[in-house]
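Trainee: Keeping their order, the protein sequence lines are chains A and B.
If you're matching positions, the first sequence starts at 1287 in the working numbering and goes up one per residue.
If you're matching positions, the second sequence starts at 37 in the working numbering and goes up one per residue.
Errors might be hidden in some of the hints.
What the hints assert, rightly or not - Computed list of lysine to any residue pairs in SDA-like fashion (alpha-carbon distance at most 20 Å, straight line):
{"no.": "1", "chain 1": "A", "residue 1": "K1306", "chain 2": "B", "residue 2": "S80"}
{"no.": "2", "chain 1": "B", "residue 1": "K353", "chain 2": "B", "residue 2": "E155"}
{"no.": "3", "chain 1": "A", "residue 1": "K1726", "chain 2": "B", "residue 2": "I372"}
Worth flagging that the hints you see were computed from the coordinates, not collected in a lab.
Below are the chains, spelled out letter by letter.
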Amino acid sequence: MTRDEADHGRRMEKKMEEQKVMYDSGNELAAYAAKQINYHVMGYYPITPSTQIAENLDTMRAEGQHDILLIAAEGEHSAAGICYGASAGGGRVFNATSANGLLYALEQFPVQSGTRMPMVMNIACRTISGPLCIKGDHSDVMYMLNTGWIILFADEPQKVYDFNLLGLKLAEQVRLPVAVAFDGFFTSHQKRKCLVFSDDAVVQRYIGPKLSSDSPATSAFAKECSTGENCFSSVLDLAHPISVGSYMNEPDVINNRYQLHLAMEEARRKLPDLFAEYETLSGRKLSFCDGYQANDAEILLFVLGSSYYTAMEAVDALRREGVKAGVITLYVLRPFPAMELRELCKNAKTILVADRQDSYGAGGGNMTLEIRAALQGQKSGSAAPRILSRVYGLGGMDFFVEDAIALFREGLMETAADFDYYGVTSGTADSGKAQPQYFKPITEEESSKGITTCVFDEAAGKMTVTGGALKDATGMPMRIAPGHGACPGCGIPVNLNLLLKGIEGNVVLLFQTGCGMVVTTGYPKTAFRVPYLHNLFQNGAATLSGVVEVFHQRQKRGEYPEGQITFLMVSGDGGMDIGMGSALGTALRGHRMIIFEYDNGGYMNTGYQLSYSTPMGARSSTSHVGKDQYGKSFFHKDTPELMAATHIPYIATVAESNPSDFIRKAAKAAAYSREFGTAYLKALSACPLNWNDKPDLERSVISAAVDCCYFPLYEIERGITTLTYDPQSKNKKIPVTEWLGMMGRTKHLLKDEYRSVTEEIQAEIDRRFARLCARAEHPLL
Amino acid sequence: MNEKTTLPVVNEHGYFEIRLESIGGLGANLCGKMLGELGALLLSLNSLSFSSYGSEKRGSPVKAYIRWCENEKPLRVNSPVTHPHILALFHEGLIGTYPVLDGVSVDTKIILNTPLSPEDAAEKHHITMGELYCLDALAIAMECKSRINMVMLGAIAKASGFISLDDAKQICRDSIGKKYPALIDANLTGVELGYTRLAKAAAERNVEPLPEGGREQFVWGYDNAPIGGVNPRIGSTVSNNLSPSREGYIPLFLPEKCINCGLCDSTCPDMVFQFAPGIYKGKECMVNHGVDYYHCKGCLRCVEVCPTNALVTALEKDYPEKPHFVPNRHLLPDAITYQETGANSWITSDSYLDEKRVNGGVV
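Assemble the whole structure, with the sequences as input and the hints as a guide.
Mentor: If you want it as structure tokens, here you go:
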């Protein structure tokens, strides 16, 4: 043992903190680290596979284990805004996202870094859409490379924990935001044995307090604070007001960016010390990059993330054959550790860089491009290695040891192509014969049954609708085929069928992301027998407005036959939260289409996180019930009223418990949308799985929601409100607790301890219903 | 915590591997998580566990994987288990439909949830490879008011030969006891009965190669798939047979009582009622010709709304030939090959929420 080693040993003995064994996933450990840090605020929006981080924090919060304010934004863009504001106000801030959520928030990230607000965001990496894929690859995180964020990449759950702690410390030292990325599912969901500090205080001591210039604790040295190293200025500092976010052009921007560059270089300098310090505390060695059997390797495989370990098994197998194979990986993508990487590669003759994404047209994914660039700077003297590139493992495709061996073998071939995809399939030949159609397309005649008839009464200024009897409506051909994967008793297909029974003639459908979309279009099958388009759920209404307008444009130019189509946009699962702006914009522009919302009261497609339409008090996976929390803390969103403010010609609420009324309103909405402008329909849609009630009883649950006036049935036709079903006058009105008691998600509210909550809910429902009645009585309201 | 567990057998990379095959709702995810914890926290092993990732929807086939090695050895493989040392089949119906027996070798211990004896089960399902163990986990779970996954946990412990009943019960207490103290006794009984009632086939080992499991014959690839992920096969979900979603009950149609009001059609999420023009009480109208049981998930919404009891709840096993079974009447005449799939249905949220936290979600 050298003297240095002996010193090191003593230090380890002295400073290593007590740790405990946990059996957790990457997501669970990210949440656990956040809980130990006790951030001020987490602004987030649920998206698979990162959602569990917020869910776990909410569970811990309900049990009183931390005091982080968890703010479920209405979309990732807003979540990033919440984080930015909270960090500008001197707080410690946390976020977690994936895939299109990351991209939706993308414009905010350079704002965060350019104005030098530290925070930590976890990225559980997932394939970006479209076609929509929920599984893992690195196509999302690579969009972060140019944002000015430090990017740490964890290849196992343990490092997710470690990087979450070290990352915050680094962020605050160099005043840059830090992204902690890791493989979605492989790392985010796989449970492993790991170590965490036993005492939260150890974590807080390690990171140290965040000193804000406005804090009473720091006011004594507030003067130095404005420039002090460890003290942050804040927009809450009234004594030392600052302006954040100047309007800045040349020649200043380049200097601002140069400062950011210097901060990144500072991070590069500080990281080795931070790694060493963390090793002292934890006993775990962290580094910029790592290699396994890399020193004397002639063929090196580069992989990022969890594949690193799989490749080690391949290396061992190849070494047994006498092949000098090795594997390398990166833990820090920004700042890019070119020097350390060159050291790892110094003896390699061939490096095969396997990217879990592609920078299409560039001849490799981003890691290929960066490694090629880094090795350009190789000191002269050694021959430059041959660098091959393979794109692999997209869309969550598993990476077996055999795959890693196959990649090595490709790299060993003299004739190997510089760039290719690994793992693609050409498909069965002669596809035409093997894939017959099951149905003929539905003709306009077949779907024009006269089940409903709408006539616009010019004098009254109203649409008169007749028909809609259920016994006739059975004759409408199903535009959606059976065999979809909705849960037994699901309300979504029920509502869609009722809606479509009321719409005569041609239809074109657009679904936003949600249960309704996921269960109908799992490739290679589709339930739709009529034209269908999907777009992400912040943008469905706008997308369909584009379809509508090109239809009219092309008809006008004689490129498309005469005739009518009813255009129908279907939203649900919180689509009217994140997609509200798009829906309002579409309504204000007045495109001739229907916006239909099936409101299942939660983000059911991702495992029931709260939506703004979730009833107050309801349990969800981001509004747990525990000693410190009773469920969702605010009232359900009144979307029809928001839509009413756009003054579109027709708005109505519909319920399967009043099926003929539903069909007639659908017919009216279709007639209005074809002739006048945008129509909006909203159905309350049962979700047996997450409402936690019995599938066969769902119609009565919906009926109770209507009868307790939680979901009143009415329409607003050209500004005139009409109650189409009044439980009061029919003597059917019930207290809201009757409805809440029918569902497992709200049953707890009937306990005595929650009486004040149910009273509040009842009062709000009564108030909203009274307003509605007043409007129905007075045409001007 | 045990001193040290010696794994009886490991693969070429040094791992002992377990695969659970199930359909959503039977609790395989939770069982896998508990086995992972058991390895890490009670057996002093290095341990990893995960489930097949996918939709929150009930019923698609679910797999859970557990991989163990000595505590000092790093766990370097995170891909699914292809050659399990223990294969637990939670749902008998998966055999033949899905390739759930893939990777079985002569040393694989197969644990099958079935009312059949090991000998009968081996013959029925052509299980000609590995060491077969059977138990009626559903009956046991019902008997002791536990769940299938707890019974299977006990069975897996027993078959493994190195997991003690005490450890299996301990992990049950650790996982479920804290959250649901009221359910713990029933579940401990479930684990114990799974452990004690597991029956082993008389033959020491089966050694004949297994027949190929069911697989998609046709594959879309970059050469033949329409660009952009476009799907031109309208209504193609119709080829899914969702019968496995049902939980033992069907709506039974009694046409003589039917007044063709259409309420059933208005509440059915699965478009199963085959209305077509016909004559009712001497008048031309839409008439209900029957039920498309290929797509009925057994939710029984229709029974609840039928005003004349023309639709009633019946035990599926009492009607092997379902009366008035009418396939979708709009199908083109070409032969359709149904693919069994689908939701194993809702289960109560208490149990489900647990499941879900393990499984993650979509989108």
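Trainee: Now tell me if each hint is right for this structure.
Mentor: Tested hints:
1. Of the pairs offered as hints, the one joining A:K1306 and B:S80 holds, with about 14 Å between alpha carbons and a cut-off of 20 Å not exceeded.
2. For a cut-off of 20 Å, the pair hint linking B:K353 to B:E155 is broken: about 23 Å separates their Cα positions.
3. With a CA separation close to 14 Å, the supplied pair A:K1726 and B:I372 stays within the 20 Å bound.
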